[in-house]
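Enquirer: Residues per chain, in single letters:
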Amino acid sequence: MQILAALITGTLFGFGLSLGEMINPARVIGFLDIAGRWDATLMFVMGGALAITLPGYALILRRSRPLLDRQFFLPTKSAFDRPLIVGAAIFGIGWGLGGFCPGPALAGLATGSSGVIFFVIAMIAGQWLAGRFTN
Amino acid sequence: MAEANFIGGIIGGALIGVAAVLLLLFNGRIAGISGILDGVFSDNSFAERIWRGVFVGGIICGAAFYSLIFGAPSIQIQTNTPILIVAGLFVGFGTRLGSGCTSGHGVCGLARRSPRSLAATATFIVFGVLTVFLVRHLSL
Numbered sequence: 001m002q003i004l005a006a007l008i009t010g011t012l013f014g015f016g017l018s019l020g021e022m023i024n025p026a027r028v029i030g031f032l033d034i035a036g037r038w039d040a041t042l043m044f045v046m047g048g049a050l051a052i053t054l055p056g057y058a059l060i061l062r063r064s065r066p067l068l069d070r071q072f073f074l075p076t077k078s079a080f081d082r083p084l085i086v087g088a089a090i091f092g093i094g095w096g097l098g099g100f101c102p103g104p105a106l107a108g109l110a111t112g113s114s115g116v117i118f119f120v121i122a123m124i125a126g127q128w129l130a131g132r133f134t135n
Numbered sequence: 001m002a003e004a005n006f007i008g009g010i011i012g013g014a015l016i017g018v019a020a021v022l023l024l025l026f027n028g029r030i031a032g033i034s035g036i037l038d039g040v041f042s043d044n045s046f047a048e049r050i051w052r053g054v055f056v057g058g059i060i061c062g063a064a065f066y067s068l069i070f071g072a073p074s075i076q077i078q079t080n081t082p083i084l085i086v087a088g089l090f091v092g093f094g095t096r097l098g099s100g101c102t103s104g105h106g107v108c109g110l111a112r113r114s115p116r117s118l119a120a121t122a123t124f125i126v127f128g129v130l131t132v133f134l135v136r137h138l139s140l
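Chains as they are written, first to last, in this note's numbering: chain A, 1 to 135; chain B, 1 to 140.
Calculated from the structure, these hints are not laboratory results. Note that the structure is predicted; figures quoted are calculated from it, not measured. Glycine included, C-beta positions come from ideal geometry on N, C-alpha and C. Take these hints with a grain of salt, some might be off.
Distance ranges between label pairs, derived from CB positions [what the hints assert, rightly or not]:
#: 1; chain 1: A; residue 1: D69; chain 2: B; residue 2: H137; range: 44 to 50 Å
#: 2; chain 1: A; residue 1: I34; chain 2: B; residue 2: F6; range: 17 to 23 Å
#: 3; chain 1: B; residue 1: V126; chain 2: A; residue 2: K77; range: 29 to 35 Å
#: 4; chain 1: B; residue 1: E3; chain 2: A; residue 2: L67; range: 38 to 44 Å
Covered by chain A, per the in silico footprint, the following chain B stretches (three or more residues, Cβ under 8 Å) [to be verified]:
#: 5; segment: 23 to 32
#: 6; segment: 48 to 59
#: 7; segment: 116 to 127
Interface residues of chain B toward chain A, partial, derived using beta-carbon atoms under 8 Å [stated by the list, open to error]:
#: 8; residue: A4
#: 9; residue: V18
#: 10; residue: A19
#: 11; residue: L37
#: 12; residue: Y66
#: 13; residue: L68
#: 14; residue: S74
#: 15; residue: Q78
#: 16; residue: I85
#: 17; residue: A87
#: 18; residue: F93
#: 19; residue: L97
#: 20; residue: S99
#: 21; residue: C101
#: 22; residue: G106
#: 23; residue: F133
Modelling step: build the complete structure from the supplied sequences, incorporating the hints.
Expert: In structure tokens, the structure reads:
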């Protein structure tokens with residue numbers, strides 16, 4: 001049942017990314033390009049998502065457990081440590097260079113674009129490197 | 001200003017929000033894509049790897065469904081392949097080191113009112129803006 005839930009939510013997520021055009025790096029770089037022809041689409045996507053998750057999360061987290069598991073799996077770190085900020089900065093640079101973040105890059109695989117395939121392979125390699133770096 | 005896609009953005013964003021809410025409600029998990037993807041390949045139990053792999057497969061299916069209904073979405077890549085590979089390495093490295101990306105910190109973390117996620121989101125947006133400024137307007 002958990003696997004079915006993962007499939008349905010993953011599919012909704014990928015459909016939403018496509019509908020919001022976040023799968024298109026031109027839209028993403030347009031949002032980051034505040035000195036050029038600024039594109040607000042990413043802000044609407046973020047706003048649309050938060051309009052659901054802000055109240056939705058608050059309601060769900062009143063429960064003691066999710067429907068299909070014994071506990072919630074939430075991040076436990078609370079400190080502003082260096083890896084958080086340095087990691088976010090490195091991610092931001094990569095995001096600005098390519099116009100892809102992880103979700104849209106995975107969704108973009110559906111189009112078979114060779115650029116997206118190269119990006120995703122490099123992204124997985126980058127995660128692996130960071131895993132070795134932090135251990 | 002470029003012409004923004006308001007309707008697609010709001011509805012697409014809302015669908016992403018619904019997906020994140022349902023994943024938390026049913027499986028108790030945060031819909032952070034970088035973390036989910038990372039967990040497919042890292043040292044995890046079979047059950048962990050399976051749901052994560054299926055979720056990633058679902059994202060690809062979702063985009064494929066979109067193509068079936070509305071036609072292939074446009075992907076206008078803004079740079080060349082070597083830069084795209086460097087970008088991928090940075091995105092993978094940074095999201096793993098910083099424990100999240102646009103979805104985990106941006107959509108889910110902000111919804112949990114996590115100060116760490118707010119700091120991370122502000123940081124990656126600022127660095128994204130600076131990078132685009134340097135590349136586009138100073139032609140570095």
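Enquirer: Hint by hint, note whether the structure agrees.
Expert: Against the structure, the hints come out as follows:
1. A:D69 / B:H137: 44 to 50 Å: holds, 48 Å
2. A:I34 / B:F6: 17 to 23 Å: This hint holds: roughly 19 Å between Cβ atoms.
3. B:V126 / A:K77: 29 to 35 Å: violated, 21 Å
4. B:E3 / A:L67: 38 to 44 Å: The hint (38 to 44 Å, Cβ to Cβ) holds, given that B:E3 and A:L67 are roughly 41 Å apart.
5. 23 to 32: With 9 residues in contact (Cβ-Cβ under 8 Å with chain A), the coverage given for the segment 23 to 32 of chain B holds.
6. 48 to 59: holds (count 9)
7. 116 to 127: holds (count 9)
8. A4: holds, 4 Å
9. V18: holds, 6 Å
10. A19: For B:A19, the interface hint holds, since the closest Cβ of chain A sits about 4 Å away, which is under 8 Å.
11. L37: With a closest approach of 6 Å, the B:L37 hint holds.
12. Y66: holds, 4 Å
13. L68: violated, 10 Å
14. S74: holds, 6 Å
15. Q78: Holds. Min distance 5 Å.
16. I85: holds, 4 Å
17. A87: Holds. Min distance 3 Å.
18. F93: Because about 4 Å separates B:F93 from the closest Cβ in chain A, which is inside the 8 Å limit, the hint holds.
19. L97: It holds, given that the least Cβ distance between B:L97 and chain A is near 3 Å, below 8 Å.
20. S99: Since chain A brings a Cβ to about 6 Å from B:S99, closer than 8 Å, the hint holds.
21. C101: holds, 5 Å
22. G106: With a minimum Cβ separation of about 6 Å from chain A (threshold 8 Å), the hint on B:G106 holds.
23. F133: holds, 6 Å
Of the numbered hints listed earlier, those contradicted by the structure are 3 and 13.
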